[in-house]
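Student: The residues making up each chain are set out below.
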Amino acid sequence: MRLKVRVLYFASIREKLGRDSEELDLPAGVASIAALRTHLRARGGAWADALAEAKLLRAAVNQDMVSPAAPIKAGDEVAFFPPVTGG
Amino acid sequence: MRISVQTEDFDLGAEVKAISGNPKIGAVASFVGLVRDVAMTLEHYPGMTERAIGKIVVEAQSRWKVIDCTVIHRYGALQPNDQIVLVAVASGHRGDAFAACEFIMDYLKTQAPFWKKEQTPEGARWVEAKTADDEAAGRWTVPLR
Numbered sequence: 016m017r018l019k020v021r022v023l024y025f026a027s028i029r030e031k032l033g034r035d036s037e038e039l040d041l042p043a044g045v046a047s048i049a050a051l052r053t054h055l056r057a058r059g060g061a062w063a064d065a066l067a068e069a070k071l072l073r074a075a076v077n078q079d080m081v082s083p084a085a086p087i088k089a090g091d092e093v094a095f096f097p098p099v100t101g102g
Numbered sequence: 069m070r071i072s073v074q075t076e077d078f079d080l081g082a083e084v085k086a087i088s089g090n091p092k093i094g095a096v097a098s099f100v101g102l103v104r105d106v107a108m109t110l111e112h113y114p115g116m117t118e119r120a121i122g123k124i125v126v127e128a129q130s131r132w133k134v135i136d137c138t139v140i141h142r143y144g145a146l147q148p149n150d151q152i153v154l155v156a157v158a159s160g161h162r163g164d165a166f167a168a169c170e171f172i173m174d175y176l177k178t179q180a181p182f183w184k185k186e187q188t189p190e191g192a193r194w195v196e197a198k199t200a201d202d203e204a205a206g207r208w209t210v211p212l213r
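Chains as they are written, first to last, in the numbering used here: chain A, 16 to 102; chain B, 69 to 213.
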């Protein structure tokens with residue numbers, strides 16, 4: 016069974032990738048935020064740049080900010096974005 | 069408790085009055101953040117934004133005696149001197165009102181998913197997050213869950 020998640024991108028990440036969201040079938044073994052980020056980075060080009068390892072990024076699962084080790088499962092809404100700058 | 073993420077401006081006086089009705093309230097502390105120097109566009113994560121601010125307010129209510137509270141944050145295009153954010157806290161006494169207001173603001177800066185893009189003469193650029201903001205939130209000692 017494949018794992019389908021919705022992935023959202025915001026701010027500078029969204030601009031670099033040229034998209035704000037996608038539905039994704041996750042391959043086996045991709046079950047955390049960190050693993051998903053590595054998986055997406057492997058697409059190369061803008062993905063390798065926007066999600067580069069050295070880049071400080073934040074992530075959310077189902078609209079809660081989480082650490083890179085946080086698990087993801089089927090049906091989750093995942094988001095990647097730069098550190099926030101509101102207020 | 070009222071949380072609003074909106075494009076429209078807000079009226080500080082009206083918002084303070086709206087949370088001041090309870091006769092147990094002896095203090096209302098408020099903070100208004102303004103756009104400095106350059107025009108900007110604010111992006112946010114609809115849904116998560118309201119949820120994140122709600123969690124911060126609940127945490128403030130668990131630490132201090134908060135009788136009522138309003139948080140308004142604008143998004144979209146804003147000009148220099150425009151109001152961006154309002155936090156107003158009503159309490160029995162000023163200590164709780166001041167502390168809760170500052171706490172909510174500090175956490176909002178690091179936890180609420182907003183991003184500012186400034187329109188500078190050299191072109192638009194995303195504002196970088198400040199480590200000073202993380203430190204300001206960090207001084208409240210316990211991480212937000």
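FYI, nobody ran anything at the bench for these hints, they're computed from the structure. A couple of the hints might just be wrong.
[Stated by the list, open to error] Computed far set for chain A versus chain B, every beta-carbon distance over 12 Å:
hint, residue
1, 20
2, 28
3, 29
4, 37
5, 54
6, 97
7, 98
[Said to hold, decoys possible] Keeping only pairs whose Cα atoms sit at most 25 Å apart, straight-line, the calculated SDA-like set for lysine to any residue is:
hint, chain 1, residue 1, chain 2, residue 2
8, A, 31, A, 69
9, B, 198, A, 90
10, B, 123, A, 83
11, A, 70, B, 131
12, B, 198, A, 78
None of the values given here were measured: they were computed from a predicted structure. Where a beta carbon is used, it is the ideal one built from N, C-alpha and C, also for glycine.
Student: Each hint: holds or not?
Tutor: Taking the hints in turn, this is what the structure says about them:
no.	hint	in the structure
1	20	15 Å, holds
2	28	10 Å, violated
3	29	8 Å, violated
4	37	16 Å, holds
5	54	22 Å, holds
6	97	7 Å, violated
7	98	3 Å, violated
8	31(A) - 69(A)	16 Å, holds
9	198(B) - 90(A)	33 Å, violated
10	123(B) - 83(A)	21 Å, holds
11	70(A) - 131(B)	34 Å, violated
12	198(B) - 78(A)	22 Å, holds
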